[in-house]
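Asks: Work the whole structure out from these sequences, hints included.
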Amino acid sequence: TQLLEQSPQFLSIQEGENLTVYCNSSSVFSSLQWYRQEPGEGPVLLVTVVTGGEVKKLKRLTFQFGDARKDSSLHITAAQPGDTGLYLCAGDETGTASKLTFGTGTRLQVTL
Amino acid sequence: DTAVSQTPKYLVTQMGNDKSIKCEQNLGHDTMYWYKQDSKKFLKIMFSYNNKELIINETVPNRFSPKSPDKAHLNLHINSLELGDSAVYFCASSHRGPRYNEQFFGPGTRLTVL
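So the protein lines, in turn, are chains V and Z. Residues 35 to 146 in my numbering are what the first sequence lists, from first letter to last. Residues 32 to 145 in my numbering are what the second sequence lists, from first letter to last.
None of these hints come from the bench; they were simulated from the model. Be careful, since some hints might not be right.
As the list claims (entries may be wrong) - Not close to chain Z: a few residues of chain V, all C-beta gaps over 12 Å, as computed:
1) G100
2) D126
3) V144
To be verified - Derived DSSO-like pairs (lysine-lysine); straight-line CA-CA distance at most 30 Å:
4) Z/K102 <-> Z/K53
5) Z/K83 <-> V/K133
6) V/K93 <-> Z/K72
7) Z/K98 <-> Z/K83
8) V/K104 <-> Z/K98
9) Z/K98 <-> V/K133
10) Z/K75 <-> V/K91
As the list claims (entries may be wrong) - Here are a few chain Z residues that face chain V, going by a calculated C-beta distance under 10 Å:
11) Y66
12) K71
13) E89
14) K102
15) P138
Computed from a predicted structure; not experimentally measured. Ideal Cβ positions, reconstructed from N, Cα and C, are used throughout, including at glycine.
Replies: Structural data, given as structure tokens:
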């Protein structure tokens, strides 16, 4: 079973700060997704990256897929309280049938 | 217009009981999933159905039995509930594509076994 390790596990920052969340694996993924989950709700897809080295931006969020497609990062600029939530990366295993392996999660809290 | 819906939202029951969770999606997707999220928020796939056919069956006790009456519905029946079954169960759906799939999740069912 492929394992996706996220770091840090917990992050508490003040509004306006920048942060980076990492998602690492020893395995190669055909694509990697980032989800955000708020309390009492299901995860919501933020972005999918499919090409090694790919960078995608979603407003203040920047996602990068590692060149070898084994890792990814999420950078948030000028964090806001609305960014609070559980961030999950998920890798799509190469050659398997629609199976996502989720990361261990990063819980982010942004305070005023 | 709920895309993926689950019922019930909360389920509290005694050990040994049998219970079911229902899931419906109106996105026209051909693939549906059940995930279990434990107390540490780790999300792990349990089952996946494509066009009513079981395609993923992870290491799950056979007390758990999924059923897909049609492409829009995937139900989960659990027999002889145990304390360790307490968790949040999420249903999800997607299109099964050639390169990647983007999954849409329901709101979850919080199961508490006493």
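Asks: Against this structure, judge whether each hint is valid.
Replies: Against the structure, the hints come out as follows:
1. G100: Holds: least Cβ distance 16 Å, greater than 12 Å.
2. D126: Given a closest Cβ separation of 5 Å, the condition is violated.
3. V144: At roughly 18 Å from the nearest Cβ of chain Z, V/V144 sits farther out than 12 Å, so the non-interface label holds.
4. Z/K102 <-> Z/K53: Holds, at about 13 Å.
5. Z/K83 <-> V/K133: Distance ~16 Å between Z/K83 and V/K133 Cα, so the pair holds.
6. V/K93 <-> Z/K72: OK: V/K93 and Z/K72 at ~26 Å, within 30 Å.
7. Z/K98 <-> Z/K83: holds (8 Å)
8. V/K104 <-> Z/K98: The hint is violated at about 34 Å.
9. Z/K98 <-> V/K133: Given that 30 Å is the threshold and the Cα spacing comes to 19 Å, the pair holds.
10. Z/K75 <-> V/K91: This hinted pair holds, its Cα atoms lying about 27 Å apart.
11. Y66: Because about 8 Å separates Z/Y66 from the closest Cβ in chain V, which is inside the 10 Å limit, the hint holds.
12. K71: Since the shortest Cβ distance to chain V is 8 Å, the answer is holds.
13. E89: Where the cut-off is 10 Å and the nearest Cβ of chain V is about 9 Å from Z/E89, the hint holds.
14. K102: violated (14 Å)
15. P138: holds (5 Å)
In terms of the numbered hints stated before, the structure departs from hints 2, 8, 14, listed from lowest to highest.
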